[in-house]
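Peer 1: Just so you know, the protein sequences line up as chains A, B and C, in that order. Here our numbering is used: position 12 in the first sequence is 12, and no number is missing along the way. Here our numbering is used: position 95 in the second sequence is 95, and no number is missing along the way. Here our numbering is used: position 342 in the third sequence is 342, and no number is missing along the way.
Honestly, I wouldn't trust all of these hints.
Lysine-lysine pairs mimicking DSS-like chemistry, simulated, CA-CA at most 27 Å apart [unchecked claim]: (1) A/185 with B/112; (2) B/306 with A/185; (3) B/93 with B/148; (4) B/3 with C/305; (5) C/20 with B/112; (6) B/206 with A/204; (7) C/20 with B/306; (8) A/178 with B/112; (9) A/185 with C/303; (10) C/20 with A/185; (11) B/43 with C/305; (12) B/112 with A/204; (13) A/178 with C/145; (14) B/3 with A/185; (15) A/185 with B/124; (16) A/204 with B/43; (17) C/20 with B/148; (18) B/206 with A/185; (19) C/227 with B/206; (20) B/206 with C/305; (21) A/185 with B/43; (22) C/303 with B/148; (23) B/148 with A/178.
Worth flagging that the hints you see were computed from the coordinates, not collected in a lab.
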Amino acid sequence: MKSYSQISGEIGEFSNLPFWKKADTVDLVYVSYGLLIVSLVILSYVLGMFNLMPHDPQALNLDLMMASPGTSGHLLGTDFLGRDMLSRLILGIQAYFLPGLLAIAISLSFGTVLGVLAGYRGGRFDTGITYFTNLVDSFPRLVLILLVIAAFKPDIYYIMIVVGLTNVPVVASLIKGKIHFLRQKNFIEAAVSLGLPTRTIILKHILWHNCRSLFIIQATLGMGEAILIETSLSYLGFGVQEPMPSWGNMVQSGANYFMQGKFWPSTAPALAILFTILGFHLLGDGLNNMLEGKRGR
Amino acid sequence: MAKTILEVVDLKKHFTARKTLLSAFKEQERSIPAVDGVSFYLKENETVGLVGESGCGKTTIGRTILRLEKPTAGKILFDGKDVTAMPSEELRKLRSEMQMIFQDLDAALNPKMRIRDILREAIKVHHDITDEEIDGRIGELLEQVNLKRSKLSNFPHELSGGEKRRVGIARVLSVGARFIIADEPTSALDVSIQAQVVNLLRDLQKHLGLSYLFISHDLRVVELISHKVAVMYLGKVVEMGLAGRIATAPRHPYTHILWSSLVGKQSKEASSAVRNVQSGIWGVFDFERAYAGCRFAPRCPVYESKEYPRVCTDPASEPQLRDVGDGHQVACHFPL
Amino acid sequence: MDAPLLKIENLRTYFYSQSKQAFIRSVDGVNLEIARGETLGVVGESGSGKSITALSTMGLISAGPGVISGTIAFQTNGVQKNLLQGLENYVKLTEQDGKVMHVSKNVVGWEKHSDRIMHKIRGKEIAMIFQNPKASMNPFTTVGKQITEAIRLHTKTKDPLEAEDRAAYWLKQVKIDSPRLRLTNYPYGLSGGMCQRAMIAMALACEPSLLIADEPTTGLDATIQSKIVDLLVELKGELGTTTMLISHDISVISRLSDSVAVMYGGTVVECGPARDILATAFESKHPYTTALLTSIPSEQNIKEKGYLQAIEGDVLDTINIPLGCRFYSRCNRVTDAIRKKCESHEPDLREISPGHRVRCWLYFE
Ligand SMILES: Nc1ncnc2c1ncn2[C@@H]1O[C@H](COP(=O)(O)OP(=O)(O)OP(=O)(O)O)[C@@H](O)[C@H]1O
Ligand SMILES: Nc1ncnc2c1ncn2[C@@H]1O[C@H](COP(=O)(O)OP(=O)(O)OP(=O)(O)O)[C@@H](O)[C@H]1O
Ligand code: SF4
Ligand code: SF4
Ligand SMILES: [Mg+2]
Ligand SMILES: [Mg+2]
Chain A
1 MKSYSQISGE IGEFSNLPFW KKADTVDLVY VSYGLLIVSL VILSYVLGMF
51 NLMPHDPQAL NLDLMMASPG TSGHLLGTDF LGRDMLSRLI LGIQAYFLPG
101 LLAIAISLSF GTVLGVLAGY RGGRFDTGIT YFTNLVDSFP RLVLILLVIA
151 AFKPDIYYIM IVVGLTNVPV VASLIKGKIH FLRQKNFIEA AVSLGLPTRT
201 IILKHILWHN CRSLFIIQAT LGMGEAILIE TSLSYLGFGV QEPMPSWGNM
251 VQSGANYFMQ GKFWPSTAPA LAILFTILGF HLLGDGLNNM LEGKRGR
Chain B
1 MAKTILEVVD LKKHFTARKT LLSAFKEQER SIPAVDGVSF YLKENETVGL
51 VGESGCGKTT IGRTILRLEK PTAGKILFDG KDVTAMPSEE LRKLRSEMQM
101 IFQDLDAALN PKMRIRDILR EAIKVHHDIT DEEIDGRIGE LLEQVNLKRS
151 KLSNFPHELS GGEKRRVGIA RVLSVGARFI IADEPTSALD VSIQAQVVNL
201 LRDLQKHLGL SYLFISHDLR VVELISHKVA VMYLGKVVEM GLAGRIATAP
251 RHPYTHILWS SLVGKQSKEA SSAVRNVQSG IWGVFDFERA YAGCRFAPRC
301 PVYESKEYPR VCTDPASEPQ LRDVGDGHQV ACHFPL
Chain C
1 MDAPLLKIEN LRTYFYSQSK QAFIRSVDGV NLEIARGETL GVVGESGSGK
51 SITALSTMGL ISAGPGVISG TIAFQTNGVQ KNLLQGLENY VKLTEQDGKV
101 MHVSKNVVGW EKHSDRIMHK IRGKEIAMIF QNPKASMNPF TTVGKQITEA
151 IRLHTKTKDP LEAEDRAAYW LKQVKIDSPR LRLTNYPYGL SGGMCQRAMI
201 AMALACEPSL LIADEPTTGL DATIQSKIVD LLVELKGELG TTTMLISHDI
251 SVISRLSDSV AVMYGGTVVE CGPARDILAT AFESKHPYTT ALLTSIPSEQ
301 NIKEKGYLQA IEGDVLDTIN IPLGCRFYSR CNRVTDAIRK KCESHEPDLR
351 EISPGHRVRC WLYFE
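Please take these sequences and the hints and turn them into a complete structure.
Peer 2: Next up, the structure:
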């Protein structure tokens, strides 16, 4: 019996025109922008680590203070001590990269464990974790950070540990919610009754298949958040301490000269913050849409 | 004499309505007696049909047997071993012998996995076989449930209701269990494929000696496939016996009503006559109102026609299952 | 005669399989007609596109390319409205021998446009009972909230308390025990059949002019099934509700329907008055309909516990639509005279007696 495909060679073609209106394209743009930012961040981190910057970021040049962007050799100008802005921006990443990762690692790992315990085991775990969440939520995070700084020292790692820990309940409750959802769809029970080991159900079915996008979003948000928190602390003078640059303390110290028409020392790091955070958010969003599909029944 | 594979003894499962802050102030917790003292047994190579009103606790029985719910009271013996007190590792091994086809079409299907991976996983759980063998087995299963190979690369949400149902059945069959609880396995299937599935289940029983607990609302199919039938009403078994007897000579008023209300048995014109038999007052039942004696009394036509005998609503004399000959059991003071 | 309440013409809903680089022709040229106050029963093979036809009517197809051609004429307030109005602006089809070979569609634009059309109609004018009730209810809100919300959104009842009363009333109508208690239940606390009835209640509570019921009675026991059927009959008599009833249960279809459409492989192969099509004695039927009806377990079958008769052969693969009649590979009534035609030309849906249309060469001279 002949079927339609055999006579036409091709069974069918479907093209989604115009392509720029296709939803996936938007996500692609998001993700590529995000990836660009992330690679820039990583590149800066590596450059900073091996001291491969156009200038020594700590070298004072009192002859060339507040040079405007474009001044020979200084693409983004210099700050009030004549230090090269670009080099300091690159070095500034050092303040966020590892501490940010640490915060993400803490919130994701502890959050996942607690979330799985609460969602999968339920009962007392669930109650306990709910109390913990409420406790953490009821305490302003900035106050907590300031307390820690006061008790120890204003170190970015301490700050990020606190940021990570305060994010644990968020991740835990998201994962718990997801598990409850799957449970109500009877899907976990079906897996249990199939005889799958608990390990497989949790790792493969719940975490890998159904929580992937959640992890990605939380991770990207976490990085953005790390930068933001440091910036606000810098304003209070508790962030990364001079002479070590961070984008936060650069904005803060540059702001004094803003009124004098010298906008670059504060604007450059501010824009860096803006674009970087945007990049992380869009990356998370785009990846989420790609993995999850935007619309679903 | 065939071996008894499953024995359920006085099984009870009561759900309590969710405890909220508000309900703590109310005097008593509302409890829903989903299963309230059910006993039956199942022999090797045998099918027991379980029918009853929607919401009477059939699914709950199946889930408790699989230990997806903890029973409130009672015992479940599988191969003589008590399932209710089994450690989880042993329980997991038991799953290779005991499986359930879920009523909910989506239940068994991870929304993020392709059909091929779902089946593959199910085969791999209890069998240590190579990938080629798995593919062969998948092909075999697909043929058995009459599903197209092209659907293998689809995600569950891309299937029609009947296709999901067939994937669910294939998934359960792939385990190779000896005992299968089939919770409405033929719903969402057209009559032709339904016939194939029923034939398949019976073939497997003949050749591999499987046992089924067959839960369904399709009374014709139940009658056809079951050796014995248990009729449930509000968490209790009210009648149990050979399938043919239950269908043609029911003794409990509820069974009688159930079978006579088969939609096909009534033409448009005759339906009013049948409805008279069914007693016009099929009001809704109130769980919160305590019932005394026979649970069926508020709807029972016999109770009504006998002018409300005391014994039916006497709390001290709730009718118990008793033998009326040939292993046919009825829980009624005035069996038909 | 009145124009029909709903008239679907040449509806095509395709999906695209990336791995096969091919269309899944789930609905491929469906024609249906429901007169006001009538009940149309839709039967057919599993996977033949019944639910997809219904979802297309509701504008709920979310995967591409989705609906690509056809008209769905629906009457609201006495005005005929095409629910697929403007579809052609978003889709370009390339056809060959009357079959679609290439589709370019602006899916996003079309969906926005369709949502605009359907906004006032969905839920209010056309309500749907979904095939999988558990999956179609929100697991995180109580049943009561969901129904109350629907009532306040779609009917004149806006007062929350009053709406709750209505919700309880409808739960009672579908014979749910202790309706007040159930209003506070979450969907997972309901049995399969209760969930289904809650879904029915939700659809009915919106008092739609067209009700699409996708297998509304599968999870219900015989007694309640017959009560629900009674309820639908009553609604039809009292409110004149028009219903499109999709079901595999021929007995339910035969009790409720005025006319019947039989679907196979994405098309309607036969439609006409219910009493003709479902009567065993009636001769001029599509071979698939005949085969379907003989698969119903008979009394004899049940008594003897014999094997059930299934239709021979494989189900149709909607990726690989045959050139000729879709039922050809399983048809046992092909005669030598028509074999050539059956093999290479698809028959059209032709009227062979008043109101009765069949898609089979057997009946065409
Ligand atoms: N998790 C739960 N929490 C509270 N009540 C529940 C829960 N699960 C089931 N119930 C209640 O237990 C009763 C029995 O439910 P079950 O699902 O066993 O019915 P069923 O006989 O399978 O009905 P159906 O034929 O409609 O599927 C119902 O009244 C239901 O509301
Ligand atoms: N999103 C999708 N992507 C690909 N194929 C799909 C999608 N949705 C449905 N299909 C296919 O379309 C066909 C028709 O599906 P539909 O749900 O309409 O069947 P049905 O007639 O309702 O069958 P049933 O009686 O089993 O519910 C099926 O073969 C199904 O696999
Ligand atoms: S015991 Fe009485 S009320 Fe109960 S079923 Fe029998 S006759 Fe009816
Ligand atoms: S057209 Fe030919 S193949 Fe198709 S149903 Fe009719 S007789 Fe059978
Ligand atoms: Mg059930
Ligand atoms: Mg369907």
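Peer 1: Is residue 303 of chain C within 27 Å of residue 148 of chain B, Cα to Cα?
Peer 2: Outside the cut-off at roughly 33 Å; violated.
Peer 1: If you draw a straight line from the CA of residue 3 of chain B to the CA of residue 185 of chain A, is it 27 Å or shorter?
Peer 2: 36 Å, violated
Peer 1: For a C-alpha distance cap of 27 Å, please report whether residue 185 of chain A and residue 124 of chain B respect it.
Peer 2: 23 Å, holds
Peer 1: CA of residue 227 of chain C to CA of residue 206 of chain B, is that 27 Å or under?
Peer 2: The given pair, whose Cα atoms are some 38 Å apart, is violated under the 27 Å limit.
Peer 1: Hint check: residue 43 of chain B vs residue 305 of chain C, CA-CA at most 27 Å. Holds or violated?
Peer 2: 19 Å, holds
Peer 1: Would the hint linking residue 20 of chain C and residue 306 of chain B be met if the CA-CA limit is 27 Å?
Peer 2: 68 Å, violated
Peer 1: Do the alpha carbons of residue 306 of chain B and residue 185 of chain A lie within 27 Å of each other, as the hint requires?
Peer 2: 46 Å, violated
Peer 1: Run the distance test for residue 20 of chain C versus residue 112 of chain B: straight-line Cα separation, threshold 27 Å.
Peer 2: 19 Å, holds
Peer 1: Is the straight-line distance between the alpha-carbon of residue 206 of chain B and that of residue 185 of chain A 27 Å or less?
Peer 2: 34 Å, violated
Peer 1: Given the proposed pairing of residue 206 of chain B with residue 204 of chain A, does the C-alpha separation stay at or below 27 Å?
Peer 2: 37 Å, violated
Peer 1: Are residue 204 of chain A and residue 43 of chain B close enough, with their CA atoms no more than 27 Å apart?
Peer 2: Given pair residue 204 of chain A, residue 43 of chain B is violated - Cα atoms ~37 Å apart, limit 27 Å.
Peer 1: Is it true that the CA of residue 20 of chain C sits at most 27 Å from the CA of residue 148 of chain B?
Peer 2: Answer holds: residue 20 of chain C to residue 148 of chain B is near 13 Å, not above 27 Å.
Violation of the numbered hints given earlier is confined to hints 2, 3, 6, 7, 9, 10, 14, 16, 18, 19, 21, 22 and 23; the remaining hints are satisfied by the structure.
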